[in-house]
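Listed in order, the protein sequences are those of chains A and B. With the working numbering applied, the first sequence covers 1 to 414. With the working numbering applied, the second sequence covers 415 to 675.
Calculated directly from the structure, the hints in this document are not laboratory data. The C-beta atom is built at its ideal place from N, Cα and C for all residues, glycine as well.
Just a few of them, taken from the derived set where beta-carbon distance is under 10 Å, the chain B residues facing chain A:
hint: 1; residue: Pro486
hint: 2; residue: Ala487
hint: 3; residue: Leu492
hint: 4; residue: Gly493
hint: 5; residue: Gln497
hint: 6; residue: Leu501
hint: 7; residue: Tyr502
hint: 8; residue: Pro503
hint: 9; residue: Phe513
hint: 10; residue: Met517
hint: 11; residue: Lys519
hint: 12; residue: Asp522
hint: 13; residue: Ala562
hint: 14; residue: Arg565
hint: 15; residue: Leu575
hint: 16; residue: Asp577
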Amino acid sequence: MISHETVRRWYTPVEVSTLRRWLLVSSVVNVLLLSVDVLRGGESFLIGVLGVVFIGALVNSLPQEQHPSSRNQALVLGGAVLLCGLIRLLSTPMSVFDLWMHAWMFGPGALTVLWVSGRPVSAWSTRSLSVGAVEYGLARNQSLGPRFQAFGAHLVLLHFVVLTLLPLVWIFDIALSPGNALGGSLGGPYTTEHFSNMLGSEAFWTWMRNSLIVSIGTTLLGLVVAIPAGYAFSRYKFTGRDVSMFAFLLVQMFPGIIILVPYFLVMKSLGLLNSHLGLILAYCVTALPLCVWMLKGFFDTVPRELEEAALLDGCNQFQVFTKVVLPLSIPAVAVTALFSFLAAWNEFLLALTFNTSNDMYTLPVGLASMISSTGQAWGDFAAASLLVSLPVALLFLFFQKFLIEGLSAGSVKG
Amino acid sequence: MVSVKFEGVSKRYEDGFEAVSVLDLEVQDGEFLVLLGPSGCGKSTTLRMLAGLEEVTEGAVSIDGVVVNHLPAGARGLGMVFQSYALYPHMSVRDNMTFGLRMAKGTDRLPDKEIATRVNETASMLELSDHLDKKPKELSGGQRQRVALGRALIRRPKVLLMDEPLSNLDAELRHQMRQEIRRLHDELGTTTIYVTHDQIEAMTLADRVAILNKGVLQQHAPPLEAYRQPANEFVQSFLCRHLDDLVETANTLLRPSEEGA
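Make the full structure from the sequences, and use the hints.
What follows is the structure, encoded as structure tokens:
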């Protein structure tokens, strides 16, 4: 039998436990915000520090069971935090950003005052509860607890969402606003002239063609080389195997800029400047190591017994690979293909260096050429960058199924 | 007639470890031989050398009087059941079973009609007729094991090899499959070599057992003979004492209930 005393000892109103967590989070966030505020020259620094101290004190002096003075103390501290937050807010021009920033202080303060003065916490901390009341409270905890938790989690996640979406919203805004200003503020007149500009310009389609040729070429050539290489690394033991696997990684560790000049000289002597093939070769070299490692990792998860079964079924080594291993590896191959496509699609430095004539520009280089010292067509630029991301977004949509399968690799054993 | 013969067969790995040393073993036509021993005793290596998955370092392995040391695995006319089933996950049960038949070339290639009849025959023999179009992952463990068995049997193999085929199944299924395997053997009369570390499986399935330890053959005899006249101390402790312990445990467990009845 669990005694009533035990039940009573286990009971803490959900408000108190929630406050403990949220106040902790808000103190961390407030410290961060305070440092940001100092850097942008905010004025009410001292009050801010005071507020953080109050929050810290509050976390450690939340109401306790049958302890009226602890409740009063928490109320006073909560009020103090609320006051600090409000004072700081009033000293600002009250923009949306200010409102959001100081909400992190006056919000928790207000919530503390509201909850601690509320009936459940008050009753619990001022007098001894009847067993019925404790049981009611526990039931209430069980229903409210998850809701508070979900609310808190979503509030935090919302910050990340806004942080991620803000640049996107901004670039959409620039692309849709008339004129070529960089600023752009939400609302105001909208136009599609930038999009029609870009779609109607011959240069854009030339860049698009170049980018597609180079990216698809890189993907195909990369796969043709990486698939057998990954399989060999995964299955066979040969002299220099470990060394060459490591060498692959070593190449990746060089910053691209170091090999840029030698690269240029090599391409020049091969006569591959201003050509698609030159870029394809260069991109393959950079994308291959990762592709080979990824595929090797996947092939490692294909059980050897499957291949042995195929051998007994009369396959030769090559058929084992094409009829059993490869069909199982389609997700991994898709992921690898997507990776090399993206790498080639987004690459800027090599494309800028190798292909200097206008009609050989790839999209990233073409985009950059729109922002020159002679004129900045930000509106067109924004529209073009959205159009550039479109094929990639479509690819991701199309490959999504494979991507998920590829990432949950190892389920081969079924 | 001798169906499978190992003559002085040894297997040494590159690091010098000798998994099997100078093994001499004969398997008669239609016989059910169980290779029994603790893990690491070389029983699986022996089987894999016969299957062509492992090279033979020394000696000769022959099937039907033909030395097969250097014959590719697919050409030896064997069927093999793996411990992990090793079914092709991307193929249906039907395709899994017929894969070997469809891979055959030239005169060995059966007409599609014949393949279809064989699938249906094999499937009904193994109670898989309702599952032919499913993928392996939709099947239960026992069903997968039966598909693996079907895939090996459909080619009418000269020798059927089984590498601990029951160790992934639960006790109930294991018991059931054990009886089924023995029944199939009695029906089809296929020469069978079965690797296990389970003494009970060996005693119940085998016509003869070959007990191995550290790569060396300890005794090759019918199970009861090995039990009654163990050739050496190892057989005595690995087989006889283990079985006696089992019997004793069973007796202690059952005695009170008998008295009650």
